[in-house]
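**Student:** Guided by the hints, dock chain B onto chain A, whose structure is given.
Here is how the chains run, residue by residue.
Protein chains: 2
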Amino acid sequence: MKIDYTEFHKEKKDFLTKTDKSKKGNIDKGIRSLVQTINSKHDCYTTSSCSGRIVLLEKRSEKKQEASWLFSKHGKATSSEIKHALQKTGKHQVWFRQESCILHIRALNLVAAKKLLDAARISGFKRSGIVSIGKKTILELISTESIDALVAEKGRIVVSDDYIKSLVREANKKMDANEEKITKLCSLVGKL
Amino acid sequence: MKIDYTEFHKEKKDFLTKTDKSKKGNIDKGIRSLVQTINSKHDCYTTSSCSGRIVLLEKRSEKKQEASWLFSKHGKATSSEIKHALQKTGKHQVWFRQESCILHIRALNLVAAKKLLDAARISGFKRSGIVSIGKKTILELISTESIDALVAEKGRIVVSDDYIKSLVREANKKMDANEEKITKLCSLVGKL
Numbered sequence: 001m002k003i004d005y006t007e008f009h010k011e012k013k014d015f016l017t018k019t020d021k022s023k024k025g026n027i028d029k030g031i032r033s034l035v036q037t038i039n040s041k042h043d044c045y046t047t048s049s050c051s052g053r054i055v056l057l058e059k060r061s062e063k064k065q066e067a068s069w070l071f072s073k074h075g076k077a078t079s080s081e082i083k084h085a086l087q088k089t090g091k092h093q094v095w096f097r098q099e100s101c102i103l104h105i106r107a108l109n110l111v112a113a114k115k116l117l118d119a120a121r122i123s124g125f126k127r128s129g130i131v132s133i134g135k136k137t138i139l140e141l142i143s144t145e146s147i148d149a150l151v152a153e154k155g156r157i158v159v160s161d162d163y164i165k166s167l168v169r170e171a172n173k174k175m176d177a178n179e180e181k182i183t184k185l186c187s188l189v190g191k192l
Numbered sequence: 001m002k003i004d005y006t007e008f009h010k011e012k013k014d015f016l017t018k019t020d021k022s023k024k025g026n027i028d029k030g031i032r033s034l035v036q037t038i039n040s041k042h043d044c045y046t047t048s049s050c051s052g053r054i055v056l057l058e059k060r061s062e063k064k065q066e067a068s069w070l071f072s073k074h075g076k077a078t079s080s081e082i083k084h085a086l087q088k089t090g091k092h093q094v095w096f097r098q099e100s101c102i103l104h105i106r107a108l109n110l111v112a113a114k115k116l117l118d119a120a121r122i123s124g125f126k127r128s129g130i131v132s133i134g135k136k137t138i139l140e141l142i143s144t145e146s147i148d149a150l151v152a153e154k155g156r157i158v159v160s161d162d163y164i165k166s167l168v169r170e171a172n173k174k175m176d177a178n179e180e181k182i183t184k185l186c187s188l189v190g191k192l
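In order, the protein sequences belong to chains A and B. With the working numbering, letter number 146 in the first sequence gets 146, and the count goes up by one each step, no holes. With the working numbering, letter number 1 in the second sequence gets 1, and the count goes up by one each step, no holes.
Rather than coming from a laboratory, the hints here were simulated on the basis of the structure. Treat the hints loosely; a few may be bogus.
Stated by the list, open to error - Cβ-Cβ distance ranges computed for the label pairs, FRET-style:
| # | chain 1 | residue 1 | chain 2 | residue 2 | range |
| --- | --- | --- | --- | --- | --- |
| 1 | B | N39 | A | T47 | 31 to 41 angstroms |
| 2 | A | S61 | B | D162 | 19 to 29 angstroms |
| 3 | A | D161 | B | K126 | 12 to 22 angstroms |
| 4 | A | Y5 | B | K59 | 41 to 51 angstroms |
To be verified - Below are the PhoX-like pairs computed for lysine-lysine, each with C-alpha atoms no more than 25 angstroms apart in a straight line:
| # | chain 1 | residue 1 | chain 2 | residue 2 |
| --- | --- | --- | --- | --- |
| 5 | A | K173 | B | K154 |
| 6 | A | K126 | B | K59 |
| 7 | B | K114 | A | K136 |
| 8 | A | K136 | A | K114 |
| 9 | B | K126 | A | K63 |
| 10 | B | K136 | A | K126 |
| 11 | A | K115 | B | K126 |
| 12 | A | K63 | B | K173 |
| 13 | B | K88 | B | K73 |
| 14 | B | K126 | A | K126 |
| 15 | B | K63 | A | K126 |
| 16 | A | K165 | B | K76 |
| 17 | B | K136 | A | K173 |
| 18 | A | K59 | B | K165 |
| 19 | B | K76 | A | K59 |
| 20 | B | K12 | B | K136 |
| 21 | A | K154 | A | K173 |
| 22 | A | K126 | A | K41 |
| 23 | B | K29 | B | K12 |
| 24 | A | K114 | B | K91 |
| 25 | B | K114 | B | K13 |
| 26 | B | K83 | A | K154 |
| 27 | B | K135 | A | K114 |
| 28 | A | K91 | B | K173 |
| 29 | B | K115 | A | K126 |
| 30 | A | K165 | B | K154 |
| 31 | B | K136 | A | K136 |
| 32 | A | K173 | B | K59 |
| 33 | B | K115 | B | K191 |
| 34 | B | K29 | A | K154 |
| 35 | B | K136 | A | K115 |
| 36 | B | K173 | A | K135 |
| 37 | B | K64 | A | K165 |
| 38 | A | K64 | B | K173 |
| 39 | A | K115 | B | K165 |
| 40 | A | K12 | B | K114 |
Idealized CB from N, CA, C, for every residue including glycine.
Just chain A, same shape as in the assembly:
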């Protein structure tokens, strides 16, 4: 498929000037430099981004839309923050989660996509791939750090205070590793 360079740039400009429709409403601080670096390139732009986060998710069912956050932080957490948020536990299951950075990037073409994919892989974003080809070339870059641990059920916290401390300590370590990868990717993309 022929890629129209002028059309791509118009769409990039339109996209980056429109209002941020995410729940948070702006780009996470921890990923701002990387997003700016990607968007400074002529052949790509970010369409969504999350720097990584620690959350407490109360699930009413397996459906994503039937879940609510008791806690969400785009950075390291403390066990007292988690314990405090857990007081809001309802009657459903609550999961403690550490999620790593996720980025969606539109690339001008497959050449541009390949360059980004290689940089992502070198930086440790192991779950990265081209998720759409054809009219638009879209990449998804994800790192592999994660924690998914049950912490409450039927309105009752099912883990000890010490367990929460350990979980938070491990989640914070993973957030550090995630941050290092973001910095590395930012540096590599800057040199493209």
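**Tutor:** Here is chain B on its own, set in the frame of chain A:
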């Protein structure tokens, strides 16, 4: 890049007749039909596959190679199996993990890759993408079910028996969801 159809087929034949070098040494039962269906197509073949599993991983460090499995099952588990395996806990951290199906597929070209990617997405393999383009076109298909929960630290089990029961019950539910997605993908690929 020009794709040589004869060369692709020679490489496919060579790959599929060589000895399975995975630790397990053969294709997981839960994914055998899907692998056979993919390999029956003229324009793709699987290069690695895992049907999904429940594991207990003892980590000596954050490095993947410095971890050992206390338990690994490509299917549903029971809490007594997990409790029994936890008796082998050494002095390091042990994590209970449920991992979903992961497949690597080489496609003849981007047209073949796109067809598989669309089928994967419809089947619920949300973390799917083209991970290599150029000389070889490779896809990675992954589903999103996962559990990563700390269960032992410094030689001590840090969760209750009831917690292990809940974790196993949730992991088995996720294994069921994973199996449904494999069946759906197998049916869709069959129709391609």
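**Student:** Determine for every hint whether it applies to the structure shown.
**Tutor:** Hint-by-hint comparison with the structure:
The hinted window of 31 to 41 angstroms between N39(B) and T47(A) holds, with their beta carbons roughly 35 angstroms apart. Distance hint for S61(A) and D162(B): a CB-CB separation of about 22 angstroms, consistent with the stated range 19 to 29 angstroms. The supplied range of 12 to 22 angstroms is broken by D161(A) and K126(B), whose beta-carbon atoms lie about 35 angstroms from each other. Separation of Y5(A) from K59(B) is about 48 angstroms and conforms to the stated range, judged on CB atoms against 41 to 51 angstroms.
With a CA separation close to 18 angstroms, the supplied pair K173(A) and K154(B) stays within the 25 angstroms bound. Distance restraint check for K126(A) and K59(B): the Cα-Cα separation of roughly 19 angstroms lies within the 25 angstroms cut-off, and the hinted pair is therefore satisfied. Of the supplied pair hints, the one linking K114(B) and K136(A) holds, its CA atoms being roughly 13 angstroms apart against a limit of 25 angstroms. Under the criterion of a C-alpha separation no larger than 25 angstroms, the hint pairing K136(A) with K114(A) is consistent with the structure, at around 14 angstroms.
Only pairs whose Cα atoms come within 25 angstroms are accepted, and K126(B) paired with K63(A) is accepted, the gap being roughly 14 angstroms. Under the criterion of a C-alpha separation no larger than 25 angstroms, the hint pairing K136(B) with K126(A) is consistent with the structure, at around 18 angstroms. Our distance criterion of 25 angstroms between C-alpha atoms is met by K115(A) and K126(B), whose separation comes to about 23 angstroms. Of the supplied pair hints, the one linking K63(A) and K173(B) holds, its CA atoms being roughly 13 angstroms apart against a limit of 25 angstroms.
Taking the CA atoms of K88(B) and K73(B), the gap is about 16 angstroms. The hint holds against a cut of 25 angstroms. A hinted pair counts as satisfied when its Cα atoms are at most 25 angstroms apart, and K126(B) with K126(A) qualifies at roughly 15 angstroms. As the CA atoms of K63(B) and K126(A) are separated by approximately 14 angstroms, the hinted pair is consistent with the 25 angstroms bound. Restraint check for K165(A) and K76(B): the C-alpha separation of about 30 angstroms exceeds 25 angstroms, so the hint is violated.
Restraint check for K136(B) and K173(A): not satisfied, since their Cα atoms lie roughly 36 angstroms apart, outside the 25 angstroms limit. The straight-line distance between the Cα atoms of K59(A) and K165(B) is roughly 18 angstroms, inside the 25 angstroms bound, and the hint therefore holds. As the CA atoms of K76(B) and K59(A) are separated by approximately 22 angstroms, the hinted pair is consistent with the 25 angstroms bound. At roughly 12 angstroms between alpha-carbon atoms, K12(B) and K136(B) fall within 25 angstroms of each other, so this suggested pair holds.
Distance check on the hinted pair: K154(A) and K173(A) sit about 30 angstroms apart at the alpha-carbon level, beyond 25 angstroms; violated. Between K126(A) and K41(A), the direct Cα distance comes to roughly 22 angstroms. Compliance with the 25 angstroms bound is thereby established for this hinted pair. Of the pairs offered as hints, the one joining K29(B) and K12(B) holds, with about 22 angstroms between alpha carbons and a cut-off of 25 angstroms not exceeded. For the hint pairing K114(A) with K91(B), the CA-to-CA distance comes to about 43 angstroms; that exceeds 25 angstroms, so the pair is violated.
Restraint check: the Cα-Cα separation between K114(B) and K13(B) comes to about 22 angstroms, which is no more than 25 angstroms; the hinted pair holds. Our distance criterion of 25 angstroms between C-alpha atoms is met by K83(B) and K154(A), whose separation comes to about 23 angstroms. About 12 angstroms separates the Cα atoms of K135(B) and K114(A), which keeps this hinted pair within 25 angstroms; it holds. Between K91(A) and K173(B) the alpha-carbon distance is near 20 angstroms, which keeps this suggested pair within the 25 angstroms criterion.
Of the supplied pair hints, the one linking K115(B) and K126(A) holds, its CA atoms being roughly 23 angstroms apart against a limit of 25 angstroms. For the suggested pair K165(A) and K154(B), the alpha carbons sit about 15 angstroms apart, so the restraint of at most 25 angstroms is met. Annotation: proposed proximity of K136(B) to K136(A) holds, straight-line Cα distance about 21 angstroms (limit 25 angstroms). The straight-line distance between the Cα atoms of K173(A) and K59(B) is roughly 14 angstroms, inside the 25 angstroms bound, and the hint therefore holds.
With a C-alpha separation of about 11 angstroms, the suggested pair K115(B) and K191(B) falls inside the 25 angstroms cut-off, and the hint holds. For the proposed pair K29(B) and K154(A), the alpha carbon gap of about 36 angstroms is over 25 angstroms, so the pair is violated. Taking the CA atoms of K136(B) and K115(A), the gap is near 16 angstroms; set against the 25 angstroms cutoff, the hint holds. For the hint linking K173(B) to K135(A), the alpha-carbon distance of about 37 angstroms lies beyond 25 angstroms, and the restraint is violated.
Between K64(B) and K165(A) the CA atoms are separated by roughly 24 angstroms; this keeps the pair inside 25 angstroms, and the hint holds. A threshold of 25 angstroms between alpha carbons decides the hint, and for K64(A) with K173(B) the separation of about 16 angstroms falls inside it, so the pair holds. Distance check on the hinted pair: K115(A) and K165(B) sit about 46 angstroms apart at the alpha-carbon level, beyond 25 angstroms; violated. Distance restraint check for K12(A) and K114(B): the Cα-Cα separation of roughly 24 angstroms lies within the 25 angstroms cut-off, and the hinted pair is therefore satisfied.
Of the numbered hints listed earlier, those contradicted by the structure are 3, 16, 17, 21, 24, 34, 36 and 39.
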